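The lines below spell out each chain.
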Amino acid sequence: MSQTKERIISAAIHLFNEQGFVNVRLQNIADELKISVGNLAYHFKNKEAIVARAYEKTGEELRTILGSYRASPDLRDLDSQLDAYHQFIKQYPFYFIDILEIKRNHPHLHEDRKEFIVKMRVQFEKRIEYNQSRGILKMELDKQQIAQLADNLCTMVTFWHTSQAIKDEFDDLCSFKCSVWLQLLPFLTIKGKEEYERFIEPGLTVI
Amino acid sequence: MKNHKIYIDKKCYEKLMDCMNIQHVTDHRGEYIDLDLFYRDEWLLDSAVIDNIVERKGNWDVYLVFAHIYNPFKMIKKKISKCISLQKAELAANMMRRLAAKDQRGTLKIDQSLFHSCNN
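Those protein sequences? They're chains A and B, same order as listed. Heads up: the first sequence at position 94 corresponds to 94 in my numbering, and the numbers run straight through without jumps. Numbering-wise, my numbering comes out as the position in the second sequence, counting from 1, plus 1000.
This is chain B alone, in the form it adopts within the complex:
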């Protein structure tokens, strides 16, 4: 088979070299701001983990909801996996929740009154 040569465009090569330059510029001591993600996600340590199973396109999607125990409005929902049966999804959800939760016994709970919801 004949080998076909691949040429790289000049502009593309320039961009590549720019990236190489940036790579070297970033090769310095880090700043405290780089560690911000740890502080930003610190609230997750005090969060209750709730599993949530949703049927979608013939599969059962497993979601985990992380909600802050003092401010339940602060929450994130992540899709963890999908299973072909409800039983498997429940088992996977239970295992994932126990893995993700800080307190595996599940004592970290959200106080419903914190939502200040009005029944009227």
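Isolated chain A, as found in the complex:
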């Protein structure tokens, strides 16, 4: 992609984050870049094209995050993925905040996002099963409870930024990670708690 196109997409993402996806017009993007709408239309014929490209970009980032599954054999694997998810949420808040708007106006883009969210959920589920198999999480959790827990974690990641925005609170990594880990803490075994105290807890207090 050309440098100008890259600049247009960055400016559009910035405006989507600031003003909301629906409120941004081609004129706003052109003003942000200090170029004419005609010039902008030369690169992207309409807002749809810009949105589609912005979604491609976010899709690439999400694919990289999902690709880091089981990068480490212990709890640090989930912890590092939470770092990446938070970084993504901060960089592209519109991706999660404007969920319904995008679903209404661009159903095909919503399908793409749904696929990512399903994968995210599956990864949480499989991580729980994996940690159960190595004695970190309690075996009492049955298949249905694991699915429910994975759903909760997924909801937390998806709507974290929205809930912080409603409360007008500063969205920091520590509180995000603490909230997610709190969901898992009651299900940790003694071995799991040891691993958590060794690898995860120091990171949560230092931040």
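Be aware that a few hints might be false.
List of simulated lysine-lysine pairs, DSS-like, C-alpha gap at most 30 Å [stated by the list, open to error]: (1) K1011/B - K57/A; (2) K114/A - K1005/B; (3) K114/A - K103/A; (4) K57/A - K114/A; (5) K57/A - K1005/B; (6) K114/A - K1015/B; (7) K103/A - K1082/B; (8) K1077/B - K1057/B; (9) K191/A - K177/A; (10) K177/A - K57/A; (11) K57/A - K5/A; (12) K47/A - K1005/B; (13) K103/A - K1005/B; (14) K1005/B - K5/A; (15) K177/A - K1011/B; (16) K1015/B - K103/A; (17) K1015/B - K57/A; (18) K57/A - K1010/B; (19) K1074/B - K1102/B; (20) K90/A - K1010/B; (21) K167/A - K103/A; (22) K177/A - K90/A; (23) K1057/B - K1082/B; (24) K177/A - K1015/B; (25) K1074/B - K193/A; (26) K193/A - K143/A; (27) K177/A - K1010/B; (28) K114/A - K47/A; (29) K45/A - K103/A; (30) K45/A - K34/A.
Honestly, the hints are just simulated from the structure, not real lab data. Please read these numbers as outputs of a predicted model, since none were measured by experiment.
Given the structure of chain A, go ahead and fit chain B onto it with the hints provided.
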């Protein structure tokens, strides 16, 4: 050309993740049982290698037969290659047999009496 997106089915993705989990679970110290294949194939060290050429579909298939020298009923037959002429097949068989045999001079032989075959 338009790029077509390929979607992966949820069940297929779940299976993929399961495989990733197994991969990590297997990332442990090995067990002695994992080395069983070496013990299972140990008898091949005391085997006589016999080459066998068979004509099949216009070609000459080269087989090697590994037979245990003390128990000739214990044997395996492996197809090594196929050649377009008998001369080439004989040459390939000879070379392969010498490569595979423990004793290249071919002194490891099977005693025919061990078959206890009855001529009647």
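Query raised in the report: Going through the earlier hints one by one, which of them does the structure break, listed in rising order?
Result: Violated hints: 7, 25; rest satisfied.
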